[in-house]
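Protein chains: 2
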Amino acid sequence: MVEADSTPLTVPSGGVTGTTEQVAVPATLPLRNGSSETASPEERLALIKENLAEVLDGEIIEKILKEGRHPKIYWGTATTGRPHCGYFVPAIKIAQYLAAGCDVTILLADIHGFLDNLKAPIELVEQRAEYYRFVISAMLEGIGVPLDKLKFVLGSSYQKSAEYVMDLYKMASVVSEHDAKKAGAEVVKQTENAPLSGLLYPLLQVLDEQYLDVDAQFGGVDQRKLFTAAKEWLPKLGYKQRAHLLNPMVPGLHGGKMSSSDADSKIDLLDPPDVVLKKIKKAVAAPKVVEENGVLAFVEFVLLPAAALRGNREFRVDRERDGLEPLVYTSISQMHEDYRNDVLTPQLLKPAVAKGINELLAPIQAAFQASKEWQETTLKAYPPPPKKEKKVKNKGTGYPGLKKKEEEQAAAQNAVDGGAAATS
Amino acid sequence: MVEADSTPLTVPSGGVTGTTEQVAVPATLPLRNGSSETASPEERLALIKENLAEVLDGEIIEKILKEGRHPKIYWGTATTGRPHCGYFVPAIKIAQYLAAGCDVTILLADIHGFLDNLKAPIELVEQRAEYYRFVISAMLEGIGVPLDKLKFVLGSSYQKSAEYVMDLYKMASVVSEHDAKKAGAEVVKQTENAPLSGLLYPLLQVLDEQYLDVDAQFGGVDQRKLFTAAKEWLPKLGYKQRAHLLNPMVPGLHGGKMSSSDADSKIDLLDPPDVVLKKIKKAVAAPKVVEENGVLAFVEFVLLPAAALRGNREFRVDRERDGLEPLVYTSISQMHEDYRNDVLTPQLLKPAVAKGINELLAPIQAAFQASKEWQETTLKAYPPPPKKEKKVKNKGTGYPGLKKKEEEQAAAQNAVDGGAAATS
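From first to last, the protein sequence lines stand for chains A and B. Heads up: the first sequence runs through residues 44 to 467, numbered per my numbering. Heads up: the second sequence runs through residues 44 to 467, numbered per my numbering.
Heads up, some of the hints might be wrong.
Listed next, the in silico BS3-like pairs over lysine-lysine satisfying Cα-Cα at most 27 Å (straight line) [stated by the list, open to error]:
1. A/Lys224 - B/Lys203
2. B/Lys331 - A/Lys213
3. A/Lys324 - B/Lys283
4. A/Lys279 - B/Lys224
5. B/Lys213 - A/Lys268
6. B/Lys283 - A/Lys203
7. A/Lys213 - B/Lys106
8. B/Lys268 - A/Lys224
9. B/Lys268 - A/Lys213
10. A/Lys224 - B/Lys194
11. A/Lys268 - B/Lys224
12. B/Lys109 - A/Lys213
13. B/Lys283 - B/Lys194
14. A/Lys203 - B/Lys423
15. A/Lys225 - A/Lys279
16. B/Lys224 - A/Lys203
17. A/Lys325 - A/Lys115
Sample of chain A residues lacking proximity to chain B, with all beta carbon distances greater than 10 Å (derived) [claimed, not checked]:
18. Glu102
19. Lys194
20. Arg356
Think of the hints as simulated: they come from the structure by calculation, not from any bench. Glycine residues also receive a C-beta, built at the ideal position from the N, C-alpha and C atoms.
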């Protein structure tokens, strides 16, 4: 485990590129010698594909791997809300891509963030983009992957350029309204009053593949229609089609989609250990039922892969209180079996998961404590409410109507961000 | 009458602003002293409103006139096809705006032109925009209005700017898909396969009011829904609402909407007098029927107002062949009465209209002959077909599929360009 006090972390400073300072990678990383350079194409591909629901046009990636090159992958996130534990689901995949020797671009979609909420001034959204950059970097560093092949790009840095907008106009003239609607069907609200931007965003997201110069885009399976549209649309403008990596929709800690109405139930990345434990104890985890079990899912999609990246794919469940040896799992299927048989009870599982989360959060929080810049950004990105309110922390913003919008957006974001819906 | 040999014309050279050299204005121009500066606000308003079907929020213009200022008006045209005699319908209104002391901006929508036909390279569309500039300037100069308050603006000069596109994104996020579709209902084809651009263009057209910094937009009544949408949408972005000047839909010379399938029936602005006469003789003009009579409509919306602008609102119908005095009209109602009673027969009317058209065309053609630049632009904008074809003139372009598209677009353009559907 990476402990906050044993692994000093470097937080990326300004600029869109992540820090190049690497966290020491344990020798037991699944890729030979801890380096993707010496791993076989098959090993690299297996890590890229691990836990994905689907890969579209995977041969594009395979070819690059066979040639010993670095597949370029992008993942986009609108910087509207505030990243929480659910972000570990895509973050783990990104960590695996990096470990497999991919170049990863994280698009901080600030324009989208701004447009989704015209009530919030652009400055706030920019501060949030900065917060996202800090927190995602710290998450990945905490997991222990090198960040030299990770870069962050702000949407506003190119989505307003003359070339980009001309391509957007072009795409709008070769993509039908019907197809744009279909492409966004699962990620854009389909109502009578839906804003036109809902039809425009799929086009932007497709164009981003070209402008971010990637070989593949990563997202949740809810993006499947958009991804298959991208395959068709880019060649219409003379651009090459990309591969697509689809993460499954992971159940949240409250079962099914995450509850967005109760912000307190979400585990913030800066929550202290006791708060994490309290929130996990409230999580829905019906005994003997592994389906739609958010707590088990968090082990499957976050804790086990994170442990593997650190060189030891293992999840331990303490039973000291019962005077028993700990349960030690190296695969989710073992856990599912024990859980179905009630050997692994929710009462045993939950503290173990809380411990695992806290171990992931510790380095992030240490980095936060060490960075005055990040702390200042946090205050600017999520300003405390002007008046005293009952629930103060991470809630109010001083912008009327924003709170509710934020929660809505956080929910929507979870649904689109590579299946990040693992916490409550 | 302004004769080509008595009134040397200056053709505007490069740059988006029209020539500032003025054609001498006859002393009998309806506005006192031939100058809008000394005309009363009421006189100026009457000229602005003449023959319009409707004015929305006219008080915006009235206020400016009362303050002795110059209302700023814009008219947009996509530079896809080739202007023909139907363009005199909006051109006369523009001439009246200029005579009434308005600042007029003509938007040469080159991006739209390019996007409407991705098969045509952008260079062709740019050359066409240049051709439009030449021909519209010559039309207005031929009518005899000063052009110092006229300017041409290329859409591409600002519609790709970061500010503009950010506003476009913003507008897309506050305008519903439903409202965008409704706004474009009469000017955009509503089919299952309609491109998304059809929903985007109404937003651009609305934003153009702000970016061209005008007080009013001029267009055909088919744009009414778009104009009323503009009133709602601009304030959503914090911009002021504008007035709207709506031209009626004027029947073409073949009755009803112009026939677009027979390109030969259209009167090109460079057609020689005998061709004009031949085409007019083919025009539909049922005896005694004034409704949907394109030939009479051309007198009403072009020839009489043009004569008035030149100081003598009069339309003469020669009857020398019958040994009778000419019929002299100063209003369309007199003509309608005589036409209903068959005093003014189609056989009498048509040669008189052909003569009137040729008088309008003469200065344009003289300007064309005098301008090597314009001639070169014409060749580039409408390149002759690479192979010998039956119909050579002004048709082929060397780009497969373009011909048909062009005709379709010409028809669509007629339907949107301020009611320009007066010729066949």
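Verification of the hints:
no.: 1; hint: A/Lys224 - B/Lys203; verdict: holds, 25 Å
no.: 2; hint: B/Lys331 - A/Lys213; verdict: violated, 49 Å
no.: 3; hint: A/Lys324 - B/Lys283; verdict: violated, 55 Å
no.: 4; hint: A/Lys279 - B/Lys224; verdict: holds, 24 Å
no.: 5; hint: B/Lys213 - A/Lys268; verdict: holds, 25 Å
no.: 6; hint: B/Lys283 - A/Lys203; verdict: holds, 24 Å
no.: 7; hint: A/Lys213 - B/Lys106; verdict: violated, 41 Å
no.: 8; hint: B/Lys268 - A/Lys224; verdict: holds, 23 Å
no.: 9; hint: B/Lys268 - A/Lys213; verdict: holds, 25 Å
no.: 10; hint: A/Lys224 - B/Lys194; verdict: violated, 39 Å
no.: 11; hint: A/Lys268 - B/Lys224; verdict: holds, 23 Å
no.: 12; hint: B/Lys109 - A/Lys213; verdict: violated, 44 Å
no.: 13; hint: B/Lys283 - B/Lys194; verdict: holds, 22 Å
no.: 14; hint: A/Lys203 - B/Lys423; verdict: violated, 32 Å
no.: 15; hint: A/Lys225 - A/Lys279; verdict: holds, 17 Å
no.: 16; hint: B/Lys224 - A/Lys203; verdict: holds, 25 Å
no.: 17; hint: A/Lys325 - A/Lys115; verdict: violated, 39 Å
no.: 18; hint: Glu102; verdict: holds, 30 Å
no.: 19; hint: Lys194; verdict: holds, 22 Å
no.: 20; hint: Arg356; verdict: holds, 44 Å
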